[in-house]
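Engineer: Spelled out from the first residue to the last, the chains are:
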Amino acid sequence: MTDAVTFRGVSRHFGSVKAVDAVDLSIRDGEFFAMLGPSGSGKTTCLRLIAGFEQPDAGHIAIFGEAAEGVPPYRRNVNTVFQSYALFPHMNVRDNVAFGLRVRGIGRAARHRAAEEALAQVELAGFGGRRAGELSGGQRQRVALARALINKPRVVLLDEPLGALDLKLREQMQEELRSLQRTLGLTFVFVTHDQDEALSMADRIAVFAEGRIRQVGSAEDIYRRPSSRFVADFVGSSNVLPADLAGAGPAGRWASLRPEDVLLDPAGREATVTARAFHGRVTKLTLDFGGQALIALVPAREAVPEPGATARISWDPARVHVMEPGA
Amino acid sequence: MSRAAAAPAIFAPRAGLAAGLADWVLLHPRMFVFLLVLPITLWLGIVYIGALIALLIQSFFSIDEFSGMVVREFTLKTYGELFRPYNLDIILRTVAMAAAVTAAAAVLAFPIAYFAARYARGKWKALFYIGVMLPLWSSYLVKVYAWKLVLAREGILNWLFAKAHLTWLLDAVLAIPVIGGNSLSVSYAGTFLVFLYIWLPYMIIPVQAALERVPGPLLEAAADLGATPRQSFSLVLLPLALPGIAAGSIFTFSLTLGDYIVPQIVGNSRLFIGQAVYTQQGTAGNIPLAAAFTVVPIAIMGLYLWGARRMGAFDAL
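Listed in order, the protein sequences are those of chains A and B.
Using this note's numbering, read the first sequence as starting at 1 and increasing by one per residue.
Using this note's numbering, read the second sequence as starting at 1 and increasing by one per residue.
No wet-lab data here; the hints were simulated from the structure.
Cβ atoms here follow ideal geometry from the backbone N, Cα and C, with glycine treated the same way.
Be a bit skeptical, because a hint or two may be false.
Going by beta-carbon spacing under 10 Å, a handful of chain B positions derived as facing chain A [said to hold, decoys possible]: (1) I53; (2) L55; (3) I57; (4) I156; (5) L160; (6) A162; (7) A164; (8) A209; (9) L211; (10) P215; (11) L225; (12) G226; (13) P229; (14) Q231; (15) S232; (16) P239.
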């Protein structure tokens with residue numbers, strides 16, 4: 001089966017800044033793919049390269065096997081949900097959603113019918129006559145989604161679409177996006193700096209840093225088996241410590257130990273509590289473990305030692321992931 | 001601890017009249033706003049609107065044909081005079097010129113404004129502002145007289161056309177009936193060029209301001225949804241720039257409607273509204289007719305704004 005999007009050695013430089021640097025990437029047909037990374041890591045530029053807003057300085061991009069270099073955005077069967085939503089302020093919601101059909105010459109009646117259907121799909125039936133400015137952030141987001149889906153694109157690109165929403169709405173939208181993607185069977189490419197979002201929504205995740213992809217894999221892979229210290233730290237703020245100190249490998253290698261895998265255990269080894277913060281469901285302990293800083297997330301129901309006190313800790317060695325040399 | 005306890009929770013009032021006044025302003029925001037708008041309201045209300053009403057009243061008076069005295073009785077006779085063929089020609093001529101200048105200014109201004117709004121940064125932006133505004137810093141009369149020399153038969157434009165062996169082209173333009181003439185400096189084409197030159201900045205600046213407010217992702221979104229560059233322009237960019245074009249056209253249109261110097265210096269001797277007002281209130285001493293002529297641009301601008309509003313020019317505001 002042909003991949004939805006393929007990058008072969010793709011680079012995009014802005015002056016001396018290598019926004020995207022020799023990236024190889026394959027996004028499969030029908031998958032929910034997340035590009036995760038800190039700001040300035042090149043994930044958004046990659047999305048813009050797929051949309052056609054940027055052209056690569058080197059390398060090849062293919063969309064369903066067809067070369068995309070030099071193809072302007074309007075000739076790509078790919079649609080984007082913008083971070084700022086980019087709804088047209090001089091049009092009502094219906095005309096916004098129907099825009100893609102209008103520029104393809106679909107008649108007014110047909111495109112209005114299609115727009116109402118698309119709005120119903122994102123649970124905004126009856127909102128067609130309103131102005132974009134009259135909608136809440138969450139509603140605008142749905143309009144932007146309906147507008148992108150109405151063209152029945154081969155790939156849907158989402159640029160931090162949930163970034164501007166509050167927590168509760170964000171969680172709700174995450175589920176809706178996911179189920180929408182499953183129902184439609186479309187390829188979704190999703191850019192986010194929020195690792196929870198990437199882990200909970202994506203089939204596969206690419207972790208970006210400094211214009212390069214550090215690791216590609218399933219959420220489980222990325223979380224359980226980070227390939228580098230950067231990935232371990234960025235995804236889930238893992239403890240990165242020498243493998244021998246973790247008791248799981250030879251000296252000279254690094255190991256990742258998830259904070260929730262650090263357990264309070266009366267029979268365990270000694271560590272000093274340097275800080276404590278209550279987070280509701282868990283309590284976050286910062287520990288000094290033989291000169292190595294260690295974070296532990298302890299379920300709130302457990303009794304937790306005061307800062308300055310000694311805690312006894314242990315972990316299951318199977319939970320420790322030892323990274324490749326030099327990672 | 002004791003030091004913290006010694007610090008007052010409320011500080012002592014500041015001394016002095018200015019400080020007292022500032023405190024009063026802080027505590028009476030509505031009164032402050034009232035005082036702020038009072039002078040401008042008086043100015044607009046009395047000096048501006050008041051003068052306009054006085055003018056309007058004058059236009060309903062008439063002149064006694066024998067004595068040349070103003071008859072202070074309300075009548076529509078003066079307005080009737082506007083519809084005499086000679087006066088109607090003046091009005092139509094002026095409106096046609098104002099419309100042509102406005103349309104040409106919009107077409108010329110758009111690419112310049114687009115460049116300034118989307119691409120110019122830092123030094124280039126400063127250069128743009130200076131380039132557009134600089135002509136406004138020099139005297140209007142000097143510029144118009146300079147244009148008379150440029151456009152004259154012995155002027156530099158003729159010379160340039162001759163050097164480029166394009167005199168035939170210039171002659172062809174001058175041979176066109178109505179807009180042509182003996183030379184550019186005594187033709188409607190010349191009047192049009194000078195109007196276009198002096199009012200162009202008033203179109204560029206509002207269009208640039210409107211384009212500046214169009215978020216970049218909007219054009220990307222249009223292209224993303226399948227709009228060709230031409231469709232992006234007509235369906236997204238132009239509608240969003242329309243308030244700016246409308247604002248600019250109010251300037252170019254009304255300034256051309258009211259001007260009496262440019263057509264006097266560059267052009268044939270046929271009158272424009274401004275010149276008609278000038279002669280009626282001066283040499284002819286017919287203040288009511290001058291006032292009636294003055295009401296024409298106001299009425300036309302009113303209609304124009306109403307039409308622009310109806311067409312949705314201000315929807316994107």
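Engineer: For every hint, state whether the structure bears it out.
Structural biologist: The hints, checked one at a time:
1. I53: Nearest chain A Cβ about 37 Å off; hint violated.
2. L55: violated, 38 Å
3. I57: violated, 42 Å
4. I156: violated, 44 Å
5. L160: violated, 40 Å
6. A162: Interface hint status for A162 of chain B: violated (45 Å vs cutoff 10 Å).
7. A164: violated, 38 Å
8. A209: With Cβ-Cβ at 16 Å, over 10 Å, it is violated.
9. L211: It is violated, given that the least Cβ distance between L211 of chain B and chain A is near 14 Å, above 10 Å.
10. P215: Result: holds, 7 Å to nearest chain A Cβ.
11. L225: holds, 4 Å
12. G226: holds, 5 Å
13. P229: holds, 8 Å
14. Q231: The hint holds - Q231 of chain B has a Cβ within 10 Å of chain A, the shortest such distance being about 5 Å.
15. S232: holds, 8 Å
16. P239: holds, 5 Å
Consistency with the previously given hints fails for numbers 1, 2, 3, 4, 5, 6, 7, 8, 9, ordered from lowest to highest.
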